[in-house]
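Engineer: Read top to bottom, the protein sequences are chains W and E.
Under the numbering used here, the first residue of the first sequence is numbered 34, with each subsequent residue one higher.
Under the numbering used here, the first residue of the second sequence is numbered 17, with each subsequent residue one higher.
A couple of the hints might just be wrong.
[To be verified] Partner residues are not named here, just some residues of chain W that face chain E (Cβ under 8 Å, in silico): (1) Tyr39; (2) Glu41; (3) Tyr44; (4) Leu71; (5) Tyr73; (6) Asn75; (7) Lys80; (8) Met83; (9) Asn109; (10) Glu110; (11) Lys120.
Since the hints were made in silico from the structure, they are not lab data.
Ideal Cβ positions, reconstructed from N, Cα and C, are used throughout, including at glycine.
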Amino acid sequence: MQGDSYPENSYELFTQVIDWTERFLAEASHSLALDLELLYLNTSSVKAMMDIFDILEEAHQAGRQVRVVWRYDERNERIAELAEEFKEDCTFDFAITAVRVSA
Amino acid sequence: MDLLTLRESYLQQQIMLCFNGPISRSLIEEIGNALRNYLNGQPTSPSSAMDVFAVYIEMTQNIRHYARSRDYTEEQATATIAVARDDAGHYLVSAGNLVEMDDGRRLVEVVNDLARLDAGELKRAYKQQLRRPRDEQAASGAGLGLLDMARKSTRPLEPALQALPSGQGFFSLTATI
Chain W
34 MQGDSYPENS YELFTQVIDW TERFLAEASH SLALDLELLY LNTSSVKAMM
84 DIFDILEEAH QAGRQVRVVW RYDERNERIA ELAEEFKEDC TFDFAITAVR
134 VSA
Chain E
17 MDLLTLRESY LQQQIMLCFN GPISRSLIEE IGNALRNYLN GQPTSPSSAM
67 DVFAVYIEMT QNIRHYARSR DYTEEQATAT IAVARDDAGH YLVSAGNLVE
117 MDDGRRLVEV VNDLARLDAG ELKRAYKQQL RRPRDEQAAS GAGLGLLDMA
167 RKSTRPLEPA LQALPSGQGF FSLTATI
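Sequences and hints are given; from them, build the entire structure.
Structural biologist: This is the structure we're talking about:
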């Protein structure tokens, strides 16, 4: 996933992603890696993302291999802070990687 | 129309962007894009620019959610939005809208309660709210907007509530970035 997310009703939008993640983890047995280049999230999108990380955490606790990589523009530490706050509640492999973006 | 007075008032208050009228979803996005473009042209760090944008989005979406929850007509659902700078170079993001007086008083109280919390307490309150089960009745509001704005604002959020002849009130909120 990449870019900004600030719909008025994030739940509606994210339900598809949440459903897909749940179905994938239930039906397949291989590992799941989430590649993120998210920028700005409004608070209801933050809540929806937390739901996704919770699902990953549950799978991880059940022995599944899950991994998140969140890349962000090194000039914008606000994104790193946002990612850090999600990471605090996760015990699986969660990398927050600064990327140098040429202006 | 006295546009010159309007213009001078904007200049004097260092208002960079101002809107007054019915606020639709697409308008929020358009004004938001204009705001971002403006900020990108300023010597403002990407983090601050994102904070200004974030506060603007939370404020305007809160106004839309509130107007919907009260079944306001388009005329009642108007918003007044201004982004200005203060003398110290901070950005001031303000938005105001019509409210029922009781709702307005409650809101002022909530905002004043937040003003008593320090950064750590605000973070804890934010995470607690994040973990609360979603209210299926609520259209979308995660109840996080005010907490998020309070965390991003370098000064406590400043609420204001003024009674109108109609019996309703005008509530406004200012965040400092």
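Engineer: Hints first: check each against the structure and report whether it holds.
Structural biologist: Evaluated hints:
Look at Tyr39/W: its Cβ gets to within about 5 Å of chain E, closer than 8 Å, so that hint holds up. A least Cβ separation of about 6 Å between Glu41/W and chain E falls short of the 8 Å threshold, and the interface hint therefore holds. Evaluation of the Tyr44/W hint against chain E yields a held restraint, the C-beta minimum of about 6 Å falling below 8 Å. Interface hint at Leu71/W: violated, since its Cβ lies 12 Å from the closest Cβ of chain E, which is beyond the 8 Å cut-off.
Below 8 Å, beta-carbon pairs count as interface contacts, and Tyr73/W has one with chain E at about 6 Å; its hint therefore holds. Because the beta carbon of Asn75/W sits about 5 Å from the nearest beta carbon in chain E, less than 8 Å, this interface hint is met. Residue-level restraint check for Lys80/W holds (minimum Cβ-Cβ distance to chain E is 4 Å; threshold 8 Å). Hint status for Met83/W: holds, given a least beta-carbon distance of 6 Å to chain E, under 8 Å.
Residue-level restraint check for Asn109/W holds (minimum Cβ-Cβ distance to chain E is 4 Å; threshold 8 Å). For Glu110/W, the shortest C-beta to C-beta distance to chain E is roughly 6 Å, which falls under 8 Å, so the interface hint holds. With 8 Å as the threshold, the beta carbon of Lys120/W stays out of range of chain E, its nearest partner Cβ sitting at about 13 Å, so the hint is violated.
The structure fails to meet hints 4 and 11 from the earlier list, while all remaining hints are met.
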